[in-house]
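*Asks:* Quick note, the sequence shown lines up with residues 1 to 322 if you use full-length UniProt numbering.
Each hint should be verified, as a subset may be incorrect.
Straight-line Cα separation of at most 25 angstroms, DMTMM-like style, residue types lysine to aspartate or glutamate; simulated pairs [said to hold, decoys possible]: (1) Lys290 <-> Asp218; (2) Lys290 <-> Asp257; (3) Lys290 <-> Glu237; (4) Lys290 <-> Glu249; (5) Lys290 <-> Glu258; (6) Lys290 <-> Glu252.
Hints in this document: simulated from the structure, not taken from any laboratory.
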Amino acid sequence: MSTPLRLGTRGSALAMAQSGHVAEAITAATGRAVELVEVVTAGDRSSAPVQRLGVGVFVSALRDALTAGTIDLAVHSYKDLPTAGASGLHVAAVPPRQDPRDALVATGGRTLAELPPGAVVGTGALRRIAQVHALGLHLEVTPIRGNVDSRLARVLGPDADLDAVVVARAGLARLGRTDVITETLDPMLMLPAPAQGALAVECRADDSDLVELLAVLDHAPSRAAVVAERALLATLEAGCSAPVAAYAELAEGDAGDEIYLRGAVISPDGSRDIRLSRTGTPADAAEIGKALAAELLELGADSILGHEGSTGPGTQQFGSTE
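All chains should be built: construct the whole structure from the sequences, respecting the hints.
*Replies:* Have a look at this one:
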């Protein structure tokens, strides 16, 4: 019998659920036993807003454990990974992606449009804060941190102090909590974060046997979508907490599969909102993301990203490049 693979994971309920699903998939596909190893990250130890903690705050300890050889592989929420690769490490698999959209959980079963002016909406992401403001619904948005249960408790618990929260639908799905969703937000209203809903299964690049074993979990359409979205993010030189949104969908075109990528950069106060889209083949996923980012920059995305919190003219730009 082979020794169990040591899978490193954060200790939150969501991280454990994600890692548990991956562990079960590995065992089902290969027969190899997997044990979960909890690793505490800097992000878990801090209550500061995510945008103040820096890029990679939830993954650096896991990557250190991989490099040190105390774990064999790690499972990350892909959107938490810095866009620059880590030396000596390799994302061996991107399993099938969960629904990447955002979800609203509101009192009284209400949708976003049904919330009255002045209602208080909590969310941890600057991207979501910016897009709620951009909708012009006159809602009050407050930044929140904490695990999924603590966020839901602020709307549904006995000491609730918020009218609604916006969270990733994928997290609720993985925890079996989709029953609390009052609205799954259309990407036309709120474009997801790059790689939202996707997982990255990472191991040491020189562990060729494990790289080959984990490849059975890789889902090519999910990887292509994530590559396009993260190439856009990297070209914009924006971190995972920046007000950047991207969503790639794969569909059958006249000449085979196509990627349809939408990208947006939104000022934190919602006053400026630049959106573009682009199509191409899955093989060109990275180039599609880079090209779309370049066009966003031409329209002024750099001024939004470089002056977070400033109030610009109330312009909203949309476009599409083929």
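*Asks:* Would you mind marking each hint as holding or not holding in the structure?
*Replies:* Outcome of the hint check:
1. Lys290 <-> Asp218: This hinted pair holds, its Cα atoms lying about 23 angstroms apart.
2. Lys290 <-> Asp257: holds (19 angstroms)
3. Lys290 <-> Glu237: holds (11 angstroms)
4. Lys290 <-> Glu249: Since the Cα atoms of Lys290 and Glu249 sit roughly 16 angstroms apart, the hinted pair holds (cutoff 25 angstroms).
5. Lys290 <-> Glu258: holds (16 angstroms)
6. Lys290 <-> Glu252: Between Lys290 and Glu252 the Cα gap is close to 22 angstroms, so the pair holds against 25 angstroms.
When each numbered hint is compared with the structure, no violation occurs for any of them.
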